[in-house]
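Work the whole structure out from these sequences, hints included.
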Amino acid sequence: LAALTAFTLGHTMAMAGQVAAKVPLNERLVEGAVLATLIFTAGRVVWFKGAPKMSRRGWLGPELAMAAAFGIIHGLAFAKDLGPLLPSDTGALWSAWGWFAGGIELGQLSVVSAVFAVRWMASARGFSPKDFALALGALTLGISLHLASQWYLV
Numbered sequence: 004l005a006a007l008t009a010f011t012l013g014h015t016m017a018m019a020g021q022v023a024a025k026v027p028l029n030e031r032l033v034e035g036a037v038l039a040t041l042i043f044t045a046g047r048v049v050w051f052k053g054a055p056k057m058s059r060r061g062w063l064g065p066e067l068a069m070a071a072a073f074g075i076i077h078g079l080a081f082a083k084d085l086g087p088l089l090p091s092d093t094g095a096l097w098s099a100w101g102w103f104a105g106g107i108e109l110g111q112l113s114v115v116s117a118v119f120a121v122r123w124m125a126s127a128r129g130f131s132p133k134d135f136a137l138a139l140g141a142l143t144l145g146i147s148l149h150l151a152s153q154w155y156l157v
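Numbering follows the working numbering, with no gaps: position 110 of the sequence shown is 113.
Everything labelled a hint here was simulated from the structure, so no lab data went into it. Hints may be right or wrong, so weigh each one.
Ranges between beta-carbon positions, derived for each pair [to be verified]: (1) 92 - 129: 52 to 60 Å; (2) 94 - 142: 38 to 46 Å; (3) 52 - 102: 37 to 45 Å; (4) 52 - 94: 48 to 56 Å; (5) 96 - 127: 41 to 49 Å; (6) 119 - 52: 34 to 42 Å.
For each residue, glycine too, the CB sits at the ideal point set by N, CA and C.
Listed below in structure tokens is the structure:
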């Protein structure tokens, strides 16, 4: 959950920064970076044959820094889609951003809850958490590589 929190803080801060600064973003670069984070993370799970253990450095560990950095990248992807939807009035702008960010967080919480529920059901049927992480990592890696091939090779 610490990595999820770091990821969430990263993408929430990136969205807020983009709302405040309105820096133009290169869609191809941002989407490619998102795919790279998915490929790296899923590839790491597959390489280690399950979810690798986090270091014991707490909030200063490299895994948490990486989760926050990946959150920033994903936040920029959300921000590029959010920009055209925002009102020009400052008060309404931050209110709209808050609702959008809240919706993203609820969506993320829903996905994580669903994964934990499926993991629990798989565990009840005899699958180890490591095997579940490996299967989910392999599935994510395959989908991400397919998307990357469609996005960049076509």
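Outcome of the hint check:
1. 92 - 129: 52 to 60 Å: Since the Cβ atoms of residue 92 and residue 129 sit about 56 Å apart, the hinted range of 52 to 60 Å holds.
2. 94 - 142: 38 to 46 Å: 43 Å, holds
3. 52 - 102: 37 to 45 Å: 41 Å, holds
4. 52 - 94: 48 to 56 Å: About 51 Å separates the Cβ atoms of residue 52 and residue 94, which means 48 to 56 Å holds.
5. 96 - 127: 41 to 49 Å: Holds: the Cβ-Cβ distance is about 47 Å, inside 41 to 49 Å.
6. 119 - 52: 34 to 42 Å: 21 Å, violated
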